[in-house]
Amino acid sequence: MTGISHAHSVVQPSPLSQRVAGAIVILYAVITMVPLAWIFLTGFKSGPDSIAYPPKVLFTPSAEGYCNLFTTRSRQAPEYIAQLPPASGVCDAFARTNNMVVAGPSNYPPRFVNSLIIAFGSTALSIVLGVTAAYAFSRFKVPAKEDLLFFILSTRMMPPIAVAIPIYLMYRDVGLSDTRLGMILLYTAVNVSLAVWLLKGFIDEIPREYEEAALVDGYTRLQAFFKVVLPQATTGIVATAIFCLIFAWNEYAFAVLLTSGEAQTAPPFIPIIIGEGGQDWPAVAAGSTLFLLPILVFTVLLRKHLLRGITFGALRK
Amino acid sequence: MMNAPDPYVLLDKAAQATPEPLARRVRGLSDRAIAWLFIAPTIVLLLAINIFPLLWTIWLSFTNFRANRPNATVVGVGIDNYVSVLTDPDVWAAMQATAHFLFWTILLQTMLGFTLAYLIDRRFRGHGFWTTVILIPMMLSPAVVGNFWAFLYQPQIGLFNYAVSFLTGIPASSFEMIGSVKLAPWSIIIVDTWMWTPYVMLICLAGLRSIPGYLYEAAEVDRASPWRQFWSITLPMALPFIMLAVLFRGIENFKMFDMVNLLTSGGPGSTTEVASITLKREAFEKWRTGYSSAFAIVLFVTVFGLANIYVKALNRVKNR
Numbered sequence: 232m233t234g235i236s237h238a239h240s241v242v243q244p245s246p247l248s249q250r251v252a253g254a255i256v257i258l259y260a261v262i263t264m265v266p267l268a269w270i271f272l273t274g275f276k277s278g279p280d281s282i283a284y285p286p287k288v289l290f291t292p293s294a295e296g297y298c299n300l301f302t303t304r305s306r307q308a309p310e311y312i313a314q315l316p317p318a319s320g321v322c323d324a325f326a327r328t329n330n331m332v333v334a335g336p337s338n339y340p341p342r343f344v345n346s347l348i349i350a351f352g353s354t355a356l357s358i359v360l361g362v363t364a365a366y367a368f369s370r371f372k373v374p375a376k377e378d379l380l381f382f383i384l385s386t387r388m389m390p391p392i393a394v395a396i397p398i399y400l401m402y403r404d405v406g407l408s409d410t411r412l413g414m415i416l417l418y419t420a421v422n423v424s425l426a427v428w429l430l431k432g433f434i435d436e437i438p439r440e441y442e443e444a445a446l447v448d449g450y451t452r453l454q455a456f457f458k459v460v461l462p463q464a465t466t467g468i469v470a471t472a473i474f475c476l477i478f479a480w481n482e483y484a485f486a487v488l489l490t491s492g493e494a495q496t497a498p499p500f501i502p503i504i505i506g507e508g509g510q511d512w513p514a515v516a517a518g519s520t521l522f523l524l525p526i527l528v529f530t531v532l533l534r535k536h537l538l539r540g541i542t543f544g545a546l547r548k
Numbered sequence: 002m003m004n005a006p007d008p009y010v011l012l013d014k015a016a017q018a019t020p021e022p023l024a025r026r027v028r029g030l031s032d033r034a035i036a037w038l039f040i041a042p043t044i045v046l047l048l049a050i051n052i053f054p055l056l057w058t059i060w061l062s063f064t065n066f067r068a069n070r071p072n073a074t075v076v077g078v079g080i081d082n083y084v085s086v087l088t089d090p091d092v093w094a095a096m097q098a099t100a101h102f103l104f105w106t107i108l109l110q111t112m113l114g115f116t117l118a119y120l121i122d123r124r125f126r127g128h129g130f131w132t133t134v135i136l137i138p139m140m141l142s143p144a145v146v147g148n149f150w151a152f153l154y155q156p157q158i159g160l161f162n163y164a165v166s167f168l169t170g171i172p173a174s175s176f177e178m179i180g181s182v183k184l185a186p187w188s189i190i191i192v193d194t195w196m197w198t199p200y201v202m203l204i205c206l207a208g209l210r211s212i213p214g215y216l217y218e219a220a221e222v223d224r225a226s227p228w229r230q231f232w233s234i235t236l237p238m239a240l241p242f243i244m245l246a247v248l249f250r251g252i253e254n255f256k257m258f259d260m261v262n263l264l265t266s267g268g269p270g271s272t273t274e275v276a277s278i279t280l281k282r283e284a285f286e287k288w289r290t291g292y293s294s295a296f297a298i299v300l301f302v303t304v305f306g307l308a309n310i311y312v313k314a315l316n317r318v319k320n321r
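In the order they appear, the protein sequences are chains A and B.
Note that the numbering used here gives residue 306 to position 75 of the first sequence, counting from 1, and the numbers run on in steps of one.
Note that the numbering used here gives residue 252 to position 251 of the second sequence, counting from 1, and the numbers run on in steps of one.
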């Protein structure tokens, strides 16, 4: 027997208590998923079905939400529509049944692309800055190391709206407002604190002996860093990168205050998808579904490192 | 003494005797140069995008500057902005709304999160899978979440009202979560709890798993009841973890903006106007830049001060 390495090795929970615990947890998990399932379903509903009471669980699926998400439409007189050539696609046909014609693509795809560029750009930059700084903090004597590390962390305590005022002014002066570069720099500044703290934890765990052996073999410090430390830290780098990616992907406060067109990301855009007479809920639901889906995948990939990520490396399993 | 050199002095001498070119070959760039080369870019970025704006905010907070009138003459107003922030009844109302939100979200999330962690730690079959499912809400975009909960909360037709009326028999059209002064503060508490209970759960779970099994074995030998074991082993051992989770949630929820902005945007009236929403209204709708800068500094000092006091308490619990 391996002894005390297993918590509760002797005091196993009884099968009955396990079953009860399992039932309660599964019930909670199912309830907690209902809102998400509802959004997913609403994306496939027609307008009237989406606001029916009592709420409809069974309905005929419709592409209306996704069509409205990706197109803009204009209302036309029935006579005008009647003399048009046959509809060119599903969405066009849809629009015509509502006395509308497709006027062009919507702004959703460019906003989504902005989200991608800004999220990946700031993540790449955060990782480059983070991994080098983390290595230096992990391996070298740095004056006032603890203070510097705390300073890096404390930049996270500022409410985003509070820094948004001067950043708004600063970006306006240097021409960075509503640019992707501006958002990439901003998100990097927010994410780099997380990157440094997480990566320092990961690099601390790599035995120094590996590098020292490489140094003895004639590598320089930099070579040892690139050829020994970085490959060893791959898992940590990937996990950290996903955390940075998720933050940048989800960020709203800076995005809504500092971008309006050119560089606007999806989170400030999705809530303003408006149909005739208020929010177009199927389209909003479709947009939300597409936007949340990548995060679902990342959560599954990250599940082993989540604890470390959400506590800035303070807790590890 | 002089005749008996200790081995360390000898080692030092040997190191000094290493030929300089060899030493350089081993080291390349000096470690110190690399350290600065590696740290400087991060520090420069943070100085440019965090510290410089912070200093600017401090400067603005002593002026009457308005960002929508960049050409008007800027006049120093001393501590007037701070005086008006601290005597503004709207600010105190916002602080109360924030405190109400903080208190209930932290209480509910801690209780639910700890209970869930405790149950998951029974290690029933499939607990890994269900843990991952439970974690999903906290990874999502708060803005998108706030927006689609507005849909679930739709008066009369929303799924939330339907579920409540299905379970309790209260007619679905008899109440409005977002529209009513009484219920709106609870609408944001419910969404925040839905979203962030998994966070507390995950940290508590780490705490429970860190408790060494031999403590329970010893307790069994002493015939301590499960109740007793819970109160004198499980809870005290998990307490530092619970407190850490509360710290992180506290800081985050003090800054809360995105979810609330999309769900209620502070309304109805200003019943759910938490501090960040007030700040946004002052800074970006009324354009009182000097005043809102002072407010921002007050908020920052408050978070920072409270967090520091709390960390001291946390360390005392840890070292007990």
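No lab work stands behind these hints, which were simulated from the structure alone.
Among the clues, some could well be false.
To be verified - Quick list of in silico lysine-lysine cross-link-like pairs, DSSO-like style, CA-CA up to 30 Å:
(1) 319/B to 287/A
(2) 376/A to 287/A
(3) 313/B to 183/B
(4) 372/A to 183/B
(5) 372/A to 287/A
(6) 376/A to 183/B
(7) 319/B to 535/A
(8) 372/A to 287/B
(9) 458/A to 372/A
(10) 319/B to 376/A
Claimed, not checked - DEER-style ranges, computed between Cβ atoms:
(11) 303/B to 261/A: 13 to 23 Å
(12) 97/B to 527/A: 28 to 38 Å
(13) 97/B to 292/A: 45 to 55 Å
Cβ atoms here follow ideal geometry from the backbone N, Cα and C, with glycine treated the same way.
Hints not upheld, ascending by number: 1, 2, 3, 4, 5, 6, 8 and 11
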